[in-house]
Amino acid sequence: MALIRFLRDTLSRRRELPLPRTQSEINRVIEAHLGGDPHAFGRIVARYQSRLINFVYRMTGDRDRAEELVQDTFLRVHRHLHRFDRERNFSTWIYTIAANLARNELRRRNASPFIPTDPKPWLPSSEQDAPELEDPGHRPDMDFDREEVAETVRQTVKHLSPDHREVFVLRELEGKSYEEIAEIVSTSVGTVKSRLSRARHHFAELILRRLR
Amino acid sequence: MTCSDFRRNYSAYRDEHDPGLAAAMDDHLELCASCAAFDQAFRDGVEALRGASVAPSEAFGPRLEERLATKDPVPEPFPPRLPPAMTGLGAVLLLALAGLALRGLFVAPAPAAAEPPPLVIARAHLIPGIPFVIFDQP
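Respectively, the protein sequence lines represent chains A and B. Numbering-wise (the working numbering), the first sequence opens with residue 56 and increments by one. Numbering-wise (the working numbering), the second sequence opens with residue 3 and increments by one.
It cannot be assumed that every hint is accurate.
[Claimed, not checked] Now the in silico label distances, taken between C-beta atoms and shown as ranges:
| no. | chain 1 | residue 1 | chain 2 | residue 2 | range |
| --- | --- | --- | --- | --- | --- |
| 1 | B | Leu23 | A | Ser241 | 28 to 34 Å |
| 2 | B | Thr4 | A | Lys213 | 30 to 36 Å |
| 3 | A | Gln78 | B | Asp7 | 37 to 43 Å |
| 4 | B | Ala35 | A | Leu89 | 54 to 60 Å |
| 5 | A | His135 | B | Leu102 | 39 to 45 Å |
| 6 | A | Leu136 | B | Gly22 | 41 to 47 Å |
| 7 | A | Gln210 | B | Gln42 | 17 to 23 Å |
| 8 | A | Asn82 | B | Thr72 | 25 to 31 Å |
| 9 | B | Gly92 | A | Asp218 | 18 to 24 Å |
| 10 | B | Pro64 | A | His135 | 19 to 25 Å |
| 11 | A | Gly230 | B | Thr72 | 31 to 37 Å |
| 12 | A | Glu86 | B | Pro64 | 23 to 29 Å |
| 13 | B | Thr89 | A | His135 | 24 to 30 Å |
[Said to hold, decoys possible] Not close to chain A: a few residues of chain B, all C-beta gaps over 10 Å, as computed:
| no. | residue |
| --- | --- |
| 14 | Thr4 |
| 15 | Ser6 |
| 16 | Asp7 |
| 17 | Glu18 |
| 18 | Asp20 |
| 19 | Pro21 |
| 20 | Asp29 |
| 21 | Leu31 |
| 22 | Leu33 |
| 23 | Gly90 |
| 24 | Ala100 |
| 25 | Leu107 |
In short, the hints are calculated from the structure, not lab data. All figures in this text were calculated on a predicted structure; none of them were measured in a lab. Here a beta-carbon is modelled for each residue, glycine too, at the ideal position from N, C-alpha and C.
Given these sequences and hints, build the entire structure.
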């Protein structure tokens, strides 16, 4: 019950507390959590939840499953945080956990082709969450174009192989360095460079073909 | 710079680590409509992906609180993937073992070493009288 209370308090106080950005700030939050601060873990969740959900969603193409996998990620982090080596980069660590879970999901899906993927269209969050208000400058044709492009791009990413999709998303959308990506996907920097180069070419060629 | 050079260096160009390369690539883009379309398609695609991000659902926070509070067991992952070098080494060892096993099945065992012939030593006969010794033929 105390845990529920601290998370609820934390989420309500999220606006008051600045989220940890740098590695030293994150280390301070980790120390606070290990020292018994009931609000600290909620700050880690608030810092990473959106980024991880988008990363796993782009990997798996299933929004609901992505949320579950990110929850699994936070449960693992919560359980093993005392073992985290604070000399390492926390962001790389948490992305590694999420990437492993996403990869397992894709492997499981390959093993069981009857597991369905997300049937919902992949719309921008602003369009999914926004209340339906009348906007005098609103142009439905522009919305259609944007949705169409978003759907086209989503389909294009799905056509990349999982290995290529992973490095592409980590580099182009998450802004990770080659070294960080190599650590996250457990491979060498050279392999990351080669996969990324192929992924970029494939992506551009597919987009060109689809948008023509 | 040719179109082939442009495509080969495109990933490095995207990373913006080499100003010299970037200048040469920019020059090529001004002259080549095909590579300019390739580059524009890539940038538009990435931009669209960035804009199509999703926010956590309303249920995400409460569900996570619940799972943390109940210590919901986390499904164990598959065993971690080995690095390619280790996988290759494992495959080589496996093949070597299989080869040895097959060799054992199909190659006839070497014949057992033949027993050495008995050592025959001529026996001496002492003939009384004349001091003369003869030997039996082996």
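The hints, checked one at a time:
no.: 1; hint: B:Leu23 / A:Ser241: 28 to 34 Å; verdict: holds, 29 Å
no.: 2; hint: B:Thr4 / A:Lys213: 30 to 36 Å; verdict: holds, 32 Å
no.: 3; hint: A:Gln78 / B:Asp7: 37 to 43 Å; verdict: holds, 39 Å
no.: 4; hint: B:Ala35 / A:Leu89: 54 to 60 Å; verdict: holds, 58 Å
no.: 5; hint: A:His135 / B:Leu102: 39 to 45 Å; verdict: holds, 42 Å
no.: 6; hint: A:Leu136 / B:Gly22: 41 to 47 Å; verdict: holds, 45 Å
no.: 7; hint: A:Gln210 / B:Gln42: 17 to 23 Å; verdict: holds, 19 Å
no.: 8; hint: A:Asn82 / B:Thr72: 25 to 31 Å; verdict: holds, 29 Å
no.: 9; hint: B:Gly92 / A:Asp218: 18 to 24 Å; verdict: holds, 20 Å
no.: 10; hint: B:Pro64 / A:His135: 19 to 25 Å; verdict: holds, 23 Å
no.: 11; hint: A:Gly230 / B:Thr72: 31 to 37 Å; verdict: holds, 35 Å
no.: 12; hint: A:Glu86 / B:Pro64: 23 to 29 Å; verdict: holds, 27 Å
no.: 13; hint: B:Thr89 / A:His135: 24 to 30 Å; verdict: holds, 26 Å
no.: 14; hint: Thr4; verdict: holds, 16 Å
no.: 15; hint: Ser6; verdict: holds, 12 Å
no.: 16; hint: Asp7; verdict: holds, 14 Å
no.: 17; hint: Glu18; verdict: holds, 12 Å
no.: 18; hint: Asp20; verdict: holds, 13 Å
no.: 19; hint: Pro21; verdict: holds, 18 Å
no.: 20; hint: Asp29; verdict: holds, 19 Å
no.: 21; hint: Leu31; verdict: holds, 13 Å
no.: 22; hint: Leu33; verdict: holds, 19 Å
no.: 23; hint: Gly90; verdict: holds, 14 Å
no.: 24; hint: Ala100; verdict: holds, 26 Å
no.: 25; hint: Leu107; verdict: holds, 34 Å
Going through the hint list in order, the structure satisfies each hint without exception.
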